[in-house]
Amino acid sequence: MAEVEVVSPRPLILGDKSLAQITADICAAMLRRPSALWWFGFLGALSLLAVGTAAVTYQVATGIGTWGLNTTVGWAFDITNFVFWIGIGHAGTLISAILFLFRQRWRTSVNRSAEAMTLFAVMCAGIFPLIHMGRPWLAYWIFPYPNFRGPLWMNFRSPLAWDAFAVSTYFTISFMFWYLGLIPDLATIRDRARPGLRRRLFEFFSLGWDGSFRTWQRYETVYMLLAGLATPLVVSVHTIVSWDFATAVIPGWHATIFPPYFVAGAIFSGMAMVLTLMIVARTVMNLQDFITVRHVEVMCKLILLNGSIVALAYGTEFFIAQYSGNPYEQFVFLNRAFGPFAWAYWTMVSCNVLVPQLLWFRRIRTNIGLVFGLSLLINVGMWFERFVIIVTSLHRDFLPSNWASYRPTSIEVATLLGSFGLFFTCFLIFCRILPIIAMAEVKGVVAHERAERRKHA
Amino acid sequence: MSGRVMVGIFQDEDDILSVTQEVRKEGYTILDIYAPYAVHGLDKAMGLQPSRLPWICFLLGLIGAAAKIWFEYWTSASDWAINVGGKPWNSLPAFVPITFEVMVLFAGVSTVIAFFMVSRLYPGRRASTVIPGVTNDRFALVLEETDAAFEPAEVRRLLERHGAVEVIERAEESLP
Numbered sequence: 001m002a003e004v005e006v007v008s009p010r011p012l013i014l015g016d017k018s019l020a021q022i023t024a025d026i027c028a029a030m031l032r033r034p035s036a037l038w039w040f041g042f043l044g045a046l047s048l049l050a051v052g053t054a055a056v057t058y059q060v061a062t063g064i065g066t067w068g069l070n071t072t073v074g075w076a077f078d079i080t081n082f083v084f085w086i087g088i089g090h091a092g093t094l095i096s097a098i099l100f101l102f103r104q105r106w107r108t109s110v111n112r113s114a115e116a117m118t119l120f121a122v123m124c125a126g127i128f129p130l131i132h133m134g135r136p137w138l139a140y141w142i143f144p145y146p147n148f149r150g151p152l153w154m155n156f157r158s159p160l161a162w163d164a165f166a167v168s169t170y171f172t173i174s175f176m177f178w179y180l181g182l183i184p185d186l187a188t189i190r191d192r193a194r195p196g197l198r199r200r201l202f203e204f205f206s207l208g209w210d211g212s213f214r215t216w217q218r219y220e221t222v223y224m225l226l227a228g229l230a231t232p233l234v235v236s237v238h239t240i241v242s243w244d245f246a247t248a249v250i251p252g253w254h255a256t257i258f259p260p261y262f263v264a265g266a267i268f269s270g271m272a273m274v275l276t277l278m279i280v281a282r283t284v285m286n287l288q289d290f291i292t293v294r295h296v297e298v299m300c301k302l303i304l305l306n307g308s309i310v311a312l313a314y315g316t317e318f319f320i321a322q323y324s325g326n327p328y329e330q331f332v333f334l335n336r337a338f339g340p341f342a343w344a345y346w347t348m349v350s351c352n353v354l355v356p357q358l359l360w361f362r363r364i365r366t367n368i369g370l371v372f373g374l375s376l377l378i379n380v381g382m383w384f385e386r387f388v389i390i391v392t393s394l395h396r397d398f399l400p401s402n403w404a405s406y407r408p409t410s411i412e413v414a415t416l417l418g419s420f421g422l423f424f425t426c427f428l429i430f431c432r433i434l435p436i437i438a439m440a441e442v443k444g445v446v447a448h449e450r451a452e453r454r455k456h457a
Numbered sequence: 458m459s460g461r462v463m464v465g466i467f468q469d470e471d472d473i474l475s476v477t478q479e480v481r482k483e484g485y486t487i488l489d490i491y492a493p494y495a496v497h498g499l500d501k502a503m504g505l506q507p508s509r510l511p512w513i514c515f516l517l518g519l520i521g522a523a524a525k526i527w528f529e530y531w532t533s534a535s536d537w538a539i540n541v542g543g544k545p546w547n548s549l550p551a552f553v554p555i556t557f558e559v560m561v562l563f564a565g566v567s568t569v570i571a572f573f574m575v576s577r578l579y580p581g582r583r584a585s586t587v588i589p590g591v592t593n594d595r596f597a598l599v600l601e602e603t604d605a606a607f608e609p610a611e612v613r614r615l616l617e618r619h620g621a622v623e624v625i626e627r628a629e630e631s632l633p
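Line order of the protein sequences matches chains D and V.
Using the numbering used here, the first residue of the first sequence is number 1, and each one after it goes up by one.
Using the numbering used here, the first residue of the second sequence is number 458, and each one after it goes up by one.
Any given hint might turn out to be false.
To be verified - Straight line, CA to CA, 30 Å or less: simulated BS3-like cross-link-like pairs of lysine-lysine:
id: 1; chain 1: V; residue 1: K501; chain 2: V; residue 2: K482
id: 2; chain 1: D; residue 1: K455; chain 2: D; residue 2: K17
id: 3; chain 1: D; residue 1: K455; chain 2: V; residue 2: K482
id: 4; chain 1: D; residue 1: K17; chain 2: D; residue 2: K301
id: 5; chain 1: V; residue 1: K501; chain 2: D; residue 2: K455
id: 6; chain 1: V; residue 1: K544; chain 2: D; residue 2: K17
Calculated directly from the structure, the hints in this document are not laboratory data.
Just so we're clear, the structure is a prediction, and the values are computed from it rather than from any experiment.
Next up, chain V with everything else stripped away, as it sits in the complex (with noise of 0.2 Å):
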């Protein structure tokens, strides 16, 4: 890649919001926002789909149950029976609460491995911070400087109109 990108850093979750918000507004491309936690409604304002990891949840769960309950039938009533205190071979009733714990435990593990894929964290990866303290306080608006109608002195006055205490151009190598 060859772009650049204006990185405007602000101190407030509300600049941050209704900076996103204007700038979606003119159309430009928001590569990405760094921020120290979780700003509330800032992902409508970027415009993100909802994740899809609430399937990965539900699917995981749903096969883990499922594996589970054939498991039990198959090794309490099928591959070697064993008759305890005269109960059925198939207890079906009795199986409910170990196939309910393993369907939490495949739908919950699978989703956090699930999140750590998708998201690319894994031990050992280099953190690739776009300014120092957006882990602390401060957030990071990326902008891509996609063609000629990207007027940069425009867009810079743009981000300092809402509260931008500083904006930087740079290369776009230097970015994750």
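For reference, chain D alone in the conformation it holds in the complex (with noise of 0.2 Å):
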């Protein structure tokens, strides 16, 4: 008889680490000096977040007008913006919850940065609906508050007051994840600190964390019960965001096919995001033991499996639209593909469905340049989706009298680019303050390891 052979699976953790090494790798990238690199990055983004926060205050001050919206086409940047940026949060929902309860191991090294990523990308995402009320000061008008006009109360049966709650839940919980999976690692820190103000504001934020078995069993309780949560949570998020949409007669976005069809690349478009990101923090912070090719690899499979559903439902949709039988549906689809706005439908196919067929090649997802420009494009491809869905489903209805064109404005794309930029600048900032990897998880994942090939040996 032959022999078995134990195939051990390669290791999630590179260089067989010490609980203490893994305590001492990734606070080191903390306290090093930022190199260059980072500098590079974060003055970049600071400067983008100036000339966003310039154009935002311009056109608070000078109102709406100041885009290039009309009657015709009411909504186009910013709407796009929004759901590009809420898109991108859910990859974070869907690392942390998700792969959680369905026990994937990996997401222990990404799962901090992609939860930061989540709340950042949500803050993004806010601003947009906010500036576009064109009276920001008026935000509190969403919600149900005693007032002094009846009290006049807002209309629940709109899908725009569902999404300021869901977006409100979606941002708080998010955050409570976040930070309850800090807390340990913020005593970690504390720890090791040396006393001063950096210590004092640590041993603040951990809470007096002290390692109790008691409370890590509460702790692991909750962490599961939050990820339980979070992921219908994620889901309806997503969904109620397509529902904007898909509760109007406009043809295009009438659609059932909307709601999975968001979802679907939502985190298409969050996992290229994650890759972006994860790809810049292990170099720019030394991690590349700790995120790997391997992780880097899952995570191009999760986006090629998201951007096959996505692929999948633009076929459906357009063959659907033909079938239906209504003229307007049908004119829709055709003006997409074929009309003015021809150029970004054809940007958004070939960045969302011809490109990650490359990721079926493994040489191509163990390249870790060319996946840094796959996610790239990706990320192009899938903005260029929400403006192909908004801008030309609106700019051509029903009256060809009412047809009309669209073209943003300089402050429209000053606010896109400030967008990126609070983003980044709050991301490299994260990186430099907090741990990028979630240590108590990776020390789990790390013993569990251990034992395992301590079984097979």
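These two chains come separately, so use the hints to put the complex back together.
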């Protein structure tokens, strides 16, 4: 009989590190002087943020007439950016909650930063509906509160009201999830820090965590509960975003396929952004042992899966429109592919359908530089998807006398750039002041792998 | 409390698991275990009861959902009813999304607050870590020296047999 050969899987964390080494490595990444690459990224992001802040100040002071919107195209850049950023956030929750429930151990190297990404992305997303209101200081009107106008309550039947609740709940739960995961690590840093302000801050935010196992047991329970709550929550958030469109009667929007189509697209774009950030983080912070090629490869496979769902949705949408017998639907889709915005449509198709096909090849999945490039292209493609859905459906609807075109003004472009500035500024600061890898969770994974290896040895 | 405690310090997950099972079998009282991460299966070895926090999550979620559905009905159909596009006053299906969101919000926030309360975690609390290193790479098993039957020397041997790198005896006041 041939001998049975036990093929041990490649380790998740390279270098066979001890527990103390894990702490030391991850803390060292924060304590080292920031690299030139970090400064380059940070200053770049900060200048974009400055541009965006100037643009937002100007448009709030002047009014949203500074945008390229018209009576036909009432939603364009702003809502595109909103949906784009919300979608980015969803991958963070996928990694932190859904993969936790599926017991995917590789998530521990990336979940902390993916969750932070979610928070920053939702912050960026929130800006757009806020400034679209024109009078952002009255934003609290979207929540029901006792008022002197009756009290006149808000309309709970409106998807825009649902959206306000969904996004604010999503932000709150994501924040708590992220903070809860941070507490043990904050305590670790507190116990290593020299006395001083830094230590006092960590003392304050670690809430007196002392590693008691009675607390650990409750912590695990709460973590599981939050993961269980966040999973349907994340699906509901993008479902509700899709209802902003699907409950309208505009051809191209009024489709039952929207919720799953949007959720898959959100995770697709978010995973691409996670990859972009992880590749930056591992290079800039020297964490190649923790975020390995294996992690990158697994994420590429998730992108491929979600990209395929998105491609299927594009096909289904187009087919059903032609099959519907509804001339408006038929026209909108032909107009998307061959009308004045065909360039945007085909950018979307090539970035979201063709580019991910390269990820079938292992050679490409394990080539970090190439994956980085692909992830950027997918980000571009997913931004264009939202642009195509929103603008092409609106600009030529039922009556040809209503038809109009749309082009963004410099203010709108500056606001988009500013949101990227905000996102990367926050992320790069986060990389410097907090452990971007969940130390306590990685320790559990490493100990588990070591035990498994001992069992096989 | 006047008692003394014995602290066994370990550096391996397997050791802390096996020693916990052993001291429980011998009938010693485990005050607590301190660990740098959630060791899988240690709660069972310690004999901890499952946490009751899921009940908080369930009940508060239920309360949140019920309160919200009532509020939406009351505002839209009773207090100041407005005809929106001829839709029924009580548009129950349209109330579902926000009800769901509020349910999740209530359940999540209350579970975390309840966790902080039962574990007495709050900003400004001084962490009384039993030994330095439990938040890094050490596991500490804290046993209560209960009565005359507790033979420090014997227990020390037991702990060392399971790979304790250090065993400390100290008065209980100095512990959390």
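Right, here's what the structure says about each hint:
1. K501(V) - K482(V): holds, 13 Å
2. K455(D) - K17(D): Holds, at roughly 18 Å.
3. K455(D) - K482(V): holds, 25 Å
4. K17(D) - K301(D): holds, 27 Å
5. K501(V) - K455(D): holds, 21 Å
6. K544(V) - K17(D): Measuring from Cα to Cα gives roughly 63 Å; hence the hint is violated.
Going down the numbered hints, you'll see the structure goes against just number 6.
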